[in-house]
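K.L.:
Numbering (our numbering), first residue to last: 789 to 1889.
Hints are computed from structural coordinates only; laboratory data are not their basis. Treat the hints with care, since some could be wrong.
[What the hints assert, rightly or not] Quick list of the computed label-pair ranges, beta carbon to beta carbon:
| hint | residue 1 | residue 2 | range |
| --- | --- | --- | --- |
| 1 | L1421 | Q1243 | 35 to 45 angstroms |
| 2 | D1325 | K1881 | 46 to 56 angstroms |
| 3 | N1045 | Q893 | 56 to 66 angstroms |
| 4 | S840 | D1882 | 45 to 55 angstroms |
| 5 | E1021 | D1325 | 51 to 61 angstroms |
| 6 | N1239 | D1882 | 49 to 59 angstroms |
| 7 | K857 | R1830 | 29 to 39 angstroms |
| 8 | S1210 | D1311 | 44 to 54 angstroms |
| 9 | S1210 | Q1754 | 44 to 54 angstroms |
| 10 | R1136 | K1391 | 42 to 52 angstroms |
| 11 | A1395 | Q1205 | 36 to 46 angstroms |
| 12 | N1355 | R1672 | 46 to 56 angstroms |
| 13 | S1835 | H1671 | 46 to 56 angstroms |
[What the hints assert, rightly or not] No more than 30 angstroms apart at the CA atoms, straight line, and that leaves these computed lysine-lysine pairs for DSBU-like:
| hint | residue 1 | residue 2 |
| --- | --- | --- |
| 14 | K879 | K908 |
| 15 | K1790 | K1766 |
| 16 | K873 | K968 |
| 17 | K868 | K939 |
| 18 | K1315 | K1280 |
| 19 | K939 | K968 |
| 20 | K1766 | K1791 |
| 21 | K879 | K959 |
We put the CB at the ideal spot given by N, CA and C, even for glycine.
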Amino acid sequence: MSASSAFNDEKGGSSSVGEPEYGHDPASGGIFSSDYKRHDDLKEMLDSNKDSLKLEAMKRIVAMIARGKNASDLFPAVVKNVACKNIEVKKLVYVYLVRYAEEQQDLALLSISTFQRGLKDPNQLIRASALRVLSSIRVTIIVPIMMLAIKEAASDMSPYVRKTAAHAIPKLYSLDPEQKDQLIEVIEKLLADKTTLVAGSVVMAFEEVCPERIDLIHKNYRKLCNLLIDVEEWGQVVIINMLTRYARTQFLNPNINESLLEEGGEKTFYGSDDDEDEDEEEKEKKAEAAAMAKRKPYVMDPDHRLLLRNTKPLLQSRNAAVVMAVAQLYFHLAPKAEVGVIAKALVRLLRSHSEVQYVVLQNVATMTIKRRGMFEPYLKSFYIRSTDPTQIKILKLEVLTNLANETNISTILREFQTYIKSMDKDFVAATIQAIGRCATNIGEVRDTCLNGLVQLLSNRDELVVAESVVVIKKLLQMQPEKHSDIIKHMAKLTDNIQVPMARASILWLIGEYCEHVPKIAPDVLRKMAKSFTNEEDIVKLQILNLAAKLYLTNSKQTKLLTQYVLNLAKYDQNYDIRDRARFIRQLIVPTEKSGALSKYAKKLFLALKPAPVLESPFKDRDHFQLGSLSHLLNAKAGGYQELPDWPEAAPDPSVRNVEVKESVPEWTKCSSREKRKEKKVEKPFYSDSEGESGPTESADSESYSSSGSESGSRSGESGSGSESEESEEPSESEEEEDNKEKKKKKIEFKKPVQESESEEEERKSKQRKSDSESESDEDDESDSESSQSESEDSESEVEARKKKKTAESKANPKPVKKDSKKEMSLLDLDDFEPAPSPQVTPVSSFLSNSLVTDLEGLSLSDSVLSPMAISPCSAQKSYELLHRITGEGLSVEYCFSRQPFGADANMVAVQMQFSNSATADAKNLHIEDVKLQSGMRVKEFPEIDLLPPGESATAVMGIDFCDSTQAANFQLCTHTRKFFVSIQPPVGELMKPVFMTENEFKKEQGQLMGMNEITEKLTLDGKCRNEHTIVQRVTAAANLSRVPCGSDKECRFAGRTVTSGSLVLVTVATKEEGGAQLTVNCEKMVIGTMLVKDILLALTQ
């Protein structure tokens, strides 16, 4: 079949050739047959001489990838076209290669010389794509080539290529962390870039590689603040989060005076006791005097104000993430009086999707604890709609409860009354708890709430009654003597209520306050003794407590009953209950053997107990940065960076000053601040020279606006990157200007260092003047971004040359023979100093001879990636790899650490613990002779040179098990012996957790039905009938993450297999009397079947 006819047939057909059609007759076996002629027509089209056919084939291949279909078998056919002259075809080829270069690394390496030529292509898109593909080939041997490519791209004329260079930096860092120092130099260079396109990407690279190097931000702080409004949304979020941390280290707390006032108030409140010593009072007075002395009027740093002012307009962004980022910045950095502006923006986000609402409400709930007044005007926005999902309803309840005060409590309680009638039982239970919290926080409504909750005890729904009992119990503890009639009423409910927690709460109340109900209490114990054997464990424990308390207060009536209950408990199945029975018997029934404790039995059992404090679950969450994943989960997530504390003394603000290049004429002198204000013309958009801004800010805004005017004047030039000849002339003239400026600087440096004030002000007035002149050109700035980048780039090249010269004069490195205009192959690695290392492993025979010779010429370090700092595997199950007897004193254990393996995302991290119990040193511990099943790969751990006797060492290796439980066999070698060992993974360790919402879970589960679903019924182990234990056991058996669920009868978990990324969904639905149903939905049926067995074992043992 010819290429053209194949193309026509394909175009006419409804499905792509070579893929089984599931609508056909199933008896034909088309689903299971292996199709050897898949994509033959596409391969023919790619091999044809016509660009139109190649382009059509590439479009169809990219469409296949977009639909999630595997096109990796086309890699050899596609990679041949990487040298195609048609730009459209070349772009699509690069799109394909970026997707599959990591999987087909060997074939991608064959085309490395083509990618290098692509880096010199006149088209900026091709240059960027070539760099993207190069950085996607994760092979250690080409690290120096990638390093050179990134350095060249960082100085590229096109901002798009510079942005791609910034994206490549974290990729290279994850491949070889030893390159950190060189990458920091590139980041420093890119941070100085003035284009909005690059700003977000380079800050992301900074956060990934060196977030601790805050000194790199100083000089670029004002520029980043000014560019922020024009950066793309993703970049805005990254920059705002970074600047939040920066500001917390560089500026003083704007609320410091208020916190001192609060402290002073507390001291006087607690210091009012009469029996205090005079010395303490004197100390307190001194402390207060010191606090008053410190309480100077706070003056905000102009740079702090600049950040707050420039982020405020972003509260109107259409992107919820940007609004959330600005909100957290204001919450953490702004004075209390100004934080209120974020409330309206956050309330606006509540009209968005439920996922966005969930995140926003989590943050609002935290904010309302400290800054309640901020959201009070928007109380009605948090009223609950019937269409809201359960988790949104519960979060809104949380916010309403936090906002409740004496003025609005009546409105809120009226709302709560309607919520109790809802059909959603979880929501009703949460509402009853909210009423209880309102009652404890606001004393005036406590009786009203109690009466309302007592009325709910007659509700038909058992769950409502049970939750009411639990809340009433907590409220009665505050003033039990007033409410003995309520306790009597609740005692009658023991016949009807079956919910264990509610029964336990009633029994505790009757036992605790038995003197208020002396007639009823013994009768309740009698009834409970009858049903003791059928009760839940939590109820049995409270029956024992009730029996003990009644024995101590009314032994005549209850002595025999207590003995009967203790005898029943003595032979109970649960050891907790048996232990409690023995303990109580020894305490309350004194014998000769019982010790001194029995004398104090009454004091132990009938001690006054403090009333419980009903607190918000969001009370202590604000120590996590708002808007972060750690805050959402209320647990420290991987990669989370703590928000620094405010400094006690302000660091030097001059570190953010940027040198002004221009010398100022003397005729623009202006002596006072008032005159400068009069001279001000209408400010340009980015000018930050307002009253509170210092002179250094205006200097920075001037330099920015002048670059804007340059780009405005040159907006006629196009920015595709192809007209390098046009851009040479302006760069030459700029070099001449630069030389003049250098001379001027030299003259200036000869002047005395201390300048008079008049000269400083003369410089400032000059800046004001240039600011006003450049305003007319500012409007063209956004249209001419690419041409602006050309002019800026040529300037940055001149600056780079200057830096290079100074660096060379300082360090005196080896001279580099390189002509700047000559095109250089990236494999020509004269720039790199050879690292002392063992000989490079020879490249396998698939590489072309010329490439082999080039690669062999590289003197590279063969060191493996340094292992990640992984937590010790005490939490995970350990397996024995080598017994100390077999290993002649060397023992090795391993565990699956469940941390991502940095060198390769498709590998499972295996943490190994080496212990030397011999008398001699163990040397040169390493791996040899690895024997693996097809498709499996191993990343060896770095060789351990020396392990002294009695010492231990930890190493991490990566194994790609290829989604199978086949063992990885290898030899563990020391300097004298070799031991054959193997590592076999449980199926649960072949997965990585995935976070998804309830709706996403249901949608994915719906697509994995039929043969992809396995269901098993089981009876849960007695200790495994509560939600917490089920979650614990399932996550111990398999590396999955919990999925939020509206029902308390279901636990859901989700994950993906490490190698192929196949989805794994697990559901445990609990039923009455310990019954349960386990459902596993998995794209890979074998993995699903094995996982069901493992989880069944975990839940029933």
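K.L.:
Now, for every hint given, state plainly whether the structure supports it.
P.N.:
Tested hints:
1. L1421 x Q1243: 35 to 45 angstroms: 38 angstroms Cβ-Cβ, so the 35 to 45 angstroms window holds.
2. D1325 x K1881: 46 to 56 angstroms: Roughly 29 angstroms apart at Cβ, these two residues miss the hinted range, so it is violated.
3. N1045 x Q893: 56 to 66 angstroms: Check passed, 60 angstroms falls within 56 to 66 angstroms.
4. S840 x D1882: 45 to 55 angstroms: holds (54 angstroms)
5. E1021 x D1325: 51 to 61 angstroms: Given about 53 angstroms between the Cβ atoms, the range holds.
6. N1239 x D1882: 49 to 59 angstroms: Roughly 52 angstroms apart at Cβ, these two residues keep to the hinted range, so it holds.
7. K857 x R1830: 29 to 39 angstroms: holds (31 angstroms)
8. S1210 x D1311: 44 to 54 angstroms: Hint violated: Cβ distance 36 angstroms, outside 44 to 54 angstroms.
9. S1210 x Q1754: 44 to 54 angstroms: holds (52 angstroms)
10. R1136 x K1391: 42 to 52 angstroms: violated (58 angstroms)
11. A1395 x Q1205: 36 to 46 angstroms: For A1395 and Q1205 the Cβ distance comes to about 37 angstroms; the hint holds.
12. N1355 x R1672: 46 to 56 angstroms: holds (50 angstroms)
13. S1835 x H1671: 46 to 56 angstroms: holds (47 angstroms)
14. K879 x K908: Holds. K879 to K908 sits at ~15 angstroms (cutoff 30 angstroms).
15. K1790 x K1766: Answer violated: K1790 to K1766 is near 51 angstroms, above 30 angstroms.
16. K873 x K968: violated (37 angstroms)
17. K868 x K939: The given pair, whose Cα atoms are some 27 angstroms apart, holds under the 30 angstroms limit.
18. K1315 x K1280: holds (11 angstroms)
19. K939 x K968: This hinted pair holds, its Cα atoms lying about 13 angstroms apart.
20. K1766 x K1791: Distance ~52 angstroms between K1766 and K1791 Cα, so the pair is violated.
21. K879 x K959: Judged against 30 angstroms, a Cα distance of about 21 angstroms means the pair holds.
Figure legend: structure checked against the earlier numbered hints; hints not met, in rising order: 2, 8, 10, 15, 16, 20.
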